[in-house]
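Peer 1: Protein chains in written order, with full-length UniProt numbering: chain A, 1 to 451; chain B, 1 to 451.
Calculated directly from the structure, the hints in this document are not laboratory data.
Intra- or inter-copy, both count: the list cannot distinguish identical chains.
Simulated crosslink set (SDA-like; lysine to any residue; CA at most 20 Å straight-line):
#1 K155 / R245
#2 K155 / R211
#3 K155 / S134
#4 K155 / D102
#5 K155 / R320
#6 K155 / A234
#7 K155 / A115
#8 K155 / H283
#9 K155 / P216
Please read these numbers as outputs of a predicted model, since none were measured by experiment.
Number of protein chains: 2
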Amino acid sequence: MSVATFSLDDLVADLDDWSVVPADVESASRDRSGSPIGPAAIVVRAGSVEQVQATLRFAHQHGIAVVPRGAGSGVAGGAVAGSGSIVLDLSRLDRIVEVRADDQVAVVEPGVITADLDAAAGAHGLFYAPDPGSVGISTIGGNIATNAGGLRGAKYGVTRDAVLSLDVVLADGRLVTVGRETLKRVTGYDLLGLLVGSEGTLGVVVRATLRLLPRPVATSTVAAYFAGIDEAAAAAIAVRSSGVRPVVLEIVDGPTLAAIDALEDTRLRANGAAFLLAQTDGHAAAIEADVIAEVLAPLATYVETSDDPVESARLMTARRQALPALERIGRVVIEDIAVPPSRLAEAIRGIHAIADETGARIFVFAHAGDGNVHPILVVDGDELPAYAIEAVDRIFALALSLGGTLTGEHGVGLLKRDWVAQEVGGVVDGLQRAIKSLFDPAGILNPGKAI
Amino acid sequence: MSVATFSLDDLVADLDDWSVVPADVESASRDRSGSPIGPAAIVVRAGSVEQVQATLRFAHQHGIAVVPRGAGSGVAGGAVAGSGSIVLDLSRLDRIVEVRADDQVAVVEPGVITADLDAAAGAHGLFYAPDPGSVGISTIGGNIATNAGGLRGAKYGVTRDAVLSLDVVLADGRLVTVGRETLKRVTGYDLLGLLVGSEGTLGVVVRATLRLLPRPVATSTVAAYFAGIDEAAAAAIAVRSSGVRPVVLEIVDGPTLAAIDALEDTRLRANGAAFLLAQTDGHAAAIEADVIAEVLAPLATYVETSDDPVESARLMTARRQALPALERIGRVVIEDIAVPPSRLAEAIRGIHAIADETGARIFVFAHAGDGNVHPILVVDGDELPAYAIEAVDRIFALALSLGGTLTGEHGVGLLKRDWVAQEVGGVVDGLQRAIKSLFDPAGILNPGKAI
Ligand SMILES: Cc1cc2nc3c(=O)[nH]c(=O)nc-3n(C[C@H](O)[C@H](O)[C@H](O)COP(=O)(O)OP(=O)(O)OC[C@H]3O[C@@H](n4cnc5c(N)ncnc54)[C@H](O)[C@@H]3O)c2cc1C
Ligand SMILES: Cc1cc2nc3c(=O)[nH]c(=O)nc-3n(C[C@H](O)[C@H](O)[C@H](O)COP(=O)(O)OP(=O)(O)OC[C@H]3O[C@@H](n4cnc5c(N)ncnc54)[C@H](O)[C@@H]3O)c2cc1C
Chain A
1 MSVATFSLDD
11 LVADLDDWSV
21 VPADVESASR
31 DRSGSPIGPA
41 AIVVRAGSVE
51 QVQATLRFAH
61 QHGIAVVPRG
71 AGSGVAGGAV
81 AGSGSIVLDL
91 SRLDRIVEVR
101 ADDQVAVVEP
111 GVITADLDAA
121 AGAHGLFYAP
131 DPGSVGISTI
141 GGNIATNAGG
151 LRGAKYGVTR
161 DAVLSLDVVL
171 ADGRLVTVGR
181 ETLKRVTGYD
191 LLGLLVGSEG
201 TLGVVVRATL
211 RLLPRPVATS
221 TVAAYFAGID
231 EAAAAAIAVR
241 SSGVRPVVLE
251 IVDGPTLAAI
261 DALEDTRLRA
271 NGAAFLLAQT
281 DGHAAAIEAD
291 VIAEVLAPLA
301 TYVETSDDPV
311 ESARLMTARR
321 QALPALERIG
331 RVVIEDIAVP
341 PSRLAEAIRG
351 IHAIADETGA
361 RIFVFAHAGD
371 GNVHPILVVD
381 GDELPAYAIE
391 AVDRIFALAL
401 SLGGTLTGEH
411 GVGLLKRDWV
421 AQEVGGVVDG
431 LQRAIKSLFD
441 PAGILNPGKA
451 I
Chain B
1 MSVATFSLDD
11 LVADLDDWSV
21 VPADVESASR
31 DRSGSPIGPA
41 AIVVRAGSVE
51 QVQATLRFAH
61 QHGIAVVPRG
71 AGSGVAGGAV
81 AGSGSIVLDL
91 SRLDRIVEVR
101 ADDQVAVVEP
111 GVITADLDAA
121 AGAHGLFYAP
131 DPGSVGISTI
141 GGNIATNAGG
151 LRGAKYGVTR
161 DAVLSLDVVL
171 ADGRLVTVGR
181 ETLKRVTGYD
191 LLGLLVGSEG
201 TLGVVVRATL
211 RLLPRPVATS
221 TVAAYFAGID
231 EAAAAAIAVR
241 SSGVRPVVLE
251 IVDGPTLAAI
261 DALEDTRLRA
271 NGAAFLLAQT
281 DGHAAAIEAD
291 VIAEVLAPLA
301 TYVETSDDPV
311 ESARLMTARR
321 QALPALERIG
331 RVVIEDIAVP
341 PSRLAEAIRG
351 IHAIADETGA
361 RIFVFAHAGD
371 GNVHPILVVD
381 GDELPAYAIE
391 AVDRIFALAL
401 SLGGTLTGEH
411 GVGLLKRDWV
421 AQEVGGVVDG
431 LQRAIKSLFD
441 PAGILNPGKA
451 I
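Turn these sequences into a full structure, and let the hints steer you where they fit.
Peer 2: Next up, the structure:
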């Protein structure tokens with residue numbers, strides 16, 4: 001068994017599950033970005049930390065690219081594998097090693113599905129705060145490697161805020177621990193933070209100690225509609241200034257509301273041209289929701305509040321069904337810029353203008369609590385048409401011109417690489433490459449991604 | 001004007017404020033750790049970013065050590081300067097450039113005093129959350145370089161959580177920006193996080209964009225006394241499990257209570273052998289305080305709650321006066337370990353045992369919300385006696401044996417360097433040194449500190 005540049009026999013001797021079957025390798029070489037570049041030579045389904053180490057030692061020795069892979073739910077092409085490479089699938093390492101309720105931590109392997117961790121925490125009266133829209137499919141390893149965000153980020157932050165310590169296999173196969181199982185620590189440099197969000201380019205996460213939180217005793221929901229995006233964005237700022245830090249603070253634009261109406265047979269768009277959803281939790285959830293509703297009342301066309309789970313679920317439809325509604329129209333391309341909170345309205349208006357000028361169909365929802373805007377392009381067919389590529393490029397330029405960033409939570413992956421130096425500047429770009437060389441001198445770990 | 005190894009004439013040509021007067025240089029070569037190694041050759045009081053750059057360019061060219069300095073309030077020897085070195089004092093760069101209320105950010109120079117930023121934020125209905133005990137004297141640059149924590153950390157985290165973007169002068173004098181003025185971002189590696197807490201060894205912070213928060217509309221305080229440390233630590237865990245995340249959650253041990261009684265003529269120690277202080281804030285402060293008081297009632301010997309500022313100040317005496325009371329007894333050496341929250345009682349009991357066995361006088365208070373324990377040694381005279389050195393070493397060993405860390409918030413500085421490799425392991429120690437070399441190939445930036 002061999003491919004053009006290396007023989008796999010020595011590698012597979014150390015493994016218990018791998019495949020070179022074209023269909024297997026092909027599907028393991030893609031993620032949700034739909035950017036094919038491979039396929040890889042082999043997919044290794046690691047069954048132990050030792051197998052991860054053996055794979056990296058082999059690849060390091062022979063100079064073969066290794067693409068770490070969780071669930072392949074990424075939308076930036078981070079897990080897309082080039083031809084001749086090794087896909088290192090971590091999904092079999094899916095044990096929740098322990099939940100320690102007194103410390104409010106969980107120790108998990110990287111292949112654990114995000115929602116499964118949350119459920120396991122629930123059995124101890126705890127929860128796992130980071131909740132990307134992909135909770136049901138994404139892995140903790142992928143979440144850590146992309147520093148995934150989610151709806152609850154307005155109050156609870158991103159994945160980095162939940163990671164206390166990681167076991168990481170370095171490019172040459174050595175196993176190290178970064179971080180510590182304490183909530184606070186300043187010994188040495190923050191290598192833990194450096195590893196989080198590094199998209200599999202600095203090391204492979206094989207174990208994580210994660211922070212959990214007490215499961216909220218109650219949740220309240222506020223839904224409001226506005227005459228337009230400017231009013232809704234101003235309302236989001238007013239909420240942030242109220243002294244209540246909502247768990248969830250989401251904006252949905254008019255075109256998306258209309259798309260949901262078409263899917264769900266609702267009349268949401270008739271309520272207004274922009275939607276704001278806020279959620280509060282904990283012992284004071286109801287009081288905090290009242291404060292938010294009062295702040296919104298003078299700005300909104302319509303406000304509704306509920307403490308009841310069934311009612312709340314209905315109020316959340318306008319956000320929950322946004323992506324499914326757009327997926328019914330065509331193939332969705334999910335973008336992910338972030339801007340300073342005060343520039344939110346400008347960003348969304350700018351995106352609408354780009355849609356008008358390029359002819360691209362672009363819908364927008366945003367994590368208004370942290371200025372993270374998701375422009376969703378809907379296209380026909382697999383290839384991205386030229387006008388859509390132009391629209392995306394103009395969205396990136398818009399983000400940078402507003403003091404914003406190319407990616408709030410999805411990562412750079414393969415797709416945004418050409419833009420990184422423009423955002424970070426030449427000197428920082430050079431430092432990033434030097435750090436990459438330091439961790440991975442042979443350049444085998446997910447080459448061509450993230451930086 | 002010259003010293004043994006280099007001439008300063010070229011340097012001072014670019015400066016408007018510097019001194020080689022022995023008394024000036026001597027006092028600028030020390031911090032609160034009381035560890036003299038210098039004095040430096042010169043103290044440069046930078047009046048502009050250009051002067052910082054000129055100083056570093058000069059030092060880089062001639063291979064001269066540069067010790068960045070804020071207020072010198074550090075207790076780990078981070079700002080202690082070796083002989084022949086340049087002290088780069090940033091305290092003149094003390095402008096609050098702007099407070100942008102809509103974005104809830106402030107842009108500041110590094111020499112701004114922490115409390116001054118908080119006051120400036122207050123004029124916009126905002127506050128700056130990190131509140132080290134030294135707020136009145138420490139600088140933002142020093143806080144960033146040490147990743148300072150404080151009392152409010154239980155709810156609001158540490159300095160890193162407040163830093164969005166930094167302008168940093170690198171060792172060779174180049175100026176870069178790391179981070180971005182957005183609340184969320186995953187473009188490239190987290191160099192921002194790497195710079196925060198790097199104790200002046202990777203770059204000099206010359207400007208920071210910091211996150212502010214709405215000033216709480218109300219605050220409530222709960223004070224409780226317990227039969228012993230075990231009960232108080234169990235109570236802290238119960239509070240953390242209650243679903244309320246208090247702003248402040250502090251433990252004070254019996255010996256410290258007795259010391260406060262001696263200073264203040266109070267009878268605190270008579271209430272119990274351990275004290276727990278909790279504070280809540282925001283629209284639901286009172287409700288949350290009631291939840292905490294209910295959780296504490298069955299565990300405590302005595303519980304008192306107040307929403308009144310004057311009463312609250314009285315309840316806080318047992319924590320606020322802890323350090324002043326100990327300073328009255330002798331010279332204090334402030335230690336700073338952190339352990340997983342469930343090991344808090346073991347850590348404090350272990351420290352008491354070390355005190356008994358070595359004969360050192362050790363008092364303990366702790367940020368119970370995040371397991372950060374401050375053993376305070378009280379000694380006579382300037383030199384640390386052998387039994388005190390032994391006690392400190394045993395405290396570090398205890399921290400590591402409990403899965404903890406050498407330093408929760410004060411930094412490694414000069415004093416804890418010999419212990420770093422034991423905590424992080426040889427491979428990570430090597431990576432840290434390699435990162436240092438990458439940022440500072442000539443090794444001029446605060447050599448011999450932090451890693
Ligand atoms: C419907 C949908 C909704 C989504 N919603 C969100 C959202 O709200 N927020 C958000 O942030 N993202 C969201 N995403 C994007 C995606 O789910 C996240 O990026 C997720 O974190 C990827 O996890 P994964 O296990 O699928 O990783 P993959 O896609 O397999 O990999 C992602 C990156 O991580 C690396 N990687 C994976 N595992 C490891 C490991 N163990 N060690 C080192 N590197 C590793 C890969 O090399 C790659 O660079 C969404 C995606 C979809 C399809
Ligand atoms: C009474 C008292 C109470 C304290 N309470 C706390 C507390 O609650 N929490 C806590 O975390 N600390 C506390 N400290 C420690 C100390 O105040 C903090 O470490 C503070 O952050 C130091 O700030 P500084 O400006 O004095 O820095 P310095 O002591 O001057 O320097 C500290 C470190 O930062 C570096 N540095 C300073 N400025 C810069 C810059 N602009 N760029 C790069 N590097 C720089 C120095 O080289 C040094 O390594 C306390 C100290 C005292 C005396």
